[in-house]
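Visitor: Sequence:
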Amino acid sequence: MAMMTEGVIAVPVRIYEKDAMIAILADIPIHPQICYEVANAILEWLKPFKVAEVVTLAGIITNEPDKRVFCVTTGKELLEKVGENALRLPIGSISGIASSILTECKVRQIPCIGLLGETINAPDPRAAAATIEVMNAIYSLQVDTAGLLEQAEEIEAQMHRLSEEVQSAEEQPVKVDPLLPMYG
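Mapping the sequence shown onto my numbering, position 161 (from 1) lands on 161, and the numbers just tick up by one.
Do not take every clue at face value.
With a Cα cut of at most 35 Å, we get these calculated DSBU-like pairs of lysine-lysine [stated by the list, open to error]:
| id | residue 1 | residue 2 |
| --- | --- | --- |
| 1 | LYS106 | LYS81 |
| 2 | LYS18 | LYS67 |
| 3 | LYS18 | LYS106 |
| 4 | LYS47 | LYS76 |
| 5 | LYS50 | LYS106 |
Label-pair distances were calculated between CB atoms; the ranges are [to be verified]:
| id | residue 1 | residue 2 | range |
| --- | --- | --- | --- |
| 6 | LEU89 | ILE24 | 18 to 24 Å |
| 7 | PRO65 | ASN40 | 32 to 38 Å |
| 8 | GLU156 | LEU79 | 29 to 35 Å |
| 9 | THR62 | MET3 | 21 to 27 Å |
| 10 | GLY7 | GLN142 | 17 to 23 Å |
| 11 | GLU171 | GLN142 | 44 to 50 Å |
I should point out that these hints are in silico values taken from the structure, not numbers from a laboratory. Here the structure is a predicted model, which means the values were calculated and not measured. Yeah, the Cβ is synthetic: ideal placement off N, Cα and C, and Gly gets one too.
Model the full structure from these sequences, guided by the hints.
Guide: See below:
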């Protein structure tokens with residue numbers, strides 16, 4: 001699978017580096033059956049580096065329109081670091097690559113924070129922007145989310161247009177031809 005924007009292909013998994021940070025970005029979902037293997041491979045790849053902390057960003061479907069950000073961590077001291085920037089998930093479970101990375105970090109005693117943007121669908125650029133803003137606050141970063149917010153507005157406008165088209169089609173009277181014979 002490959003993602004594209006306006007006719008230009010993007011590599012589905014990319015690695016970025018800036019200063020002392022590395023970001024791994026995947027545009028494609030990781031199949032649940034291989035999440036552990038992918039998480040293990042990522043952490044094995046990071047072994048030679050002095051990793052201070054890992055942060056994983058993901059979505060959490062709540063079917064609520066809000067764009068809250070929830071957090072889970074590998075230790076209570078990290079909850080203090082996150083502070084009031086995100087809501088703590090009180091109980092429950094998470095799945096996917098984010099949970100596999102968090103679990104593998106816990107096993108390897110690598111501090112890890114999971115930030116989960118509240119979403120009702122995927123992709124959800126507004127939820128992604130909210131999650132990045134939390135990361136910006138925690139780490140004093142300045143990652144620009146303007147592009148994500150523009151994408152969110154485009155998607156929301158398209159969804160609104162589709163909704164209006166469906167509603168308009170439902171309101172159209174159905175033509176019934178009185179000359180059609182009935183069979184019983």
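Visitor: Each hint should be assessed against the structure and marked as holding or not.
Guide: We went through each hint and held it up to the structure:
1. LYS106 <-> LYS81: At roughly 17 Å apart (the allowed maximum being 35 Å), LYS81 and LYS106 satisfy the hint.
2. LYS18 <-> LYS67: With Cα atoms ~28 Å apart, LYS18 and LYS67 stay inside 35 Å; holds.
3. LYS18 <-> LYS106: holds (25 Å)
4. LYS47 <-> LYS76: holds (24 Å)
5. LYS50 <-> LYS106: Judged against 35 Å, a Cα distance of about 16 Å means the pair holds.
6. LEU89 <-> ILE24: 18 to 24 Å: holds (23 Å)
7. PRO65 <-> ASN40: 32 to 38 Å: holds (36 Å)
8. GLU156 <-> LEU79: 29 to 35 Å: For GLU156 and LEU79 the Cβ distance comes to about 33 Å; the hint holds.
9. THR62 <-> MET3: 21 to 27 Å: holds (25 Å)
10. GLY7 <-> GLN142: 17 to 23 Å: violated (30 Å)
11. GLU171 <-> GLN142: 44 to 50 Å: The hint (44 to 50 Å, Cβ to Cβ) holds, given that GLU171 and GLN142 are roughly 48 Å apart.
Violated hint for the displayed structure: number 10, the only one.
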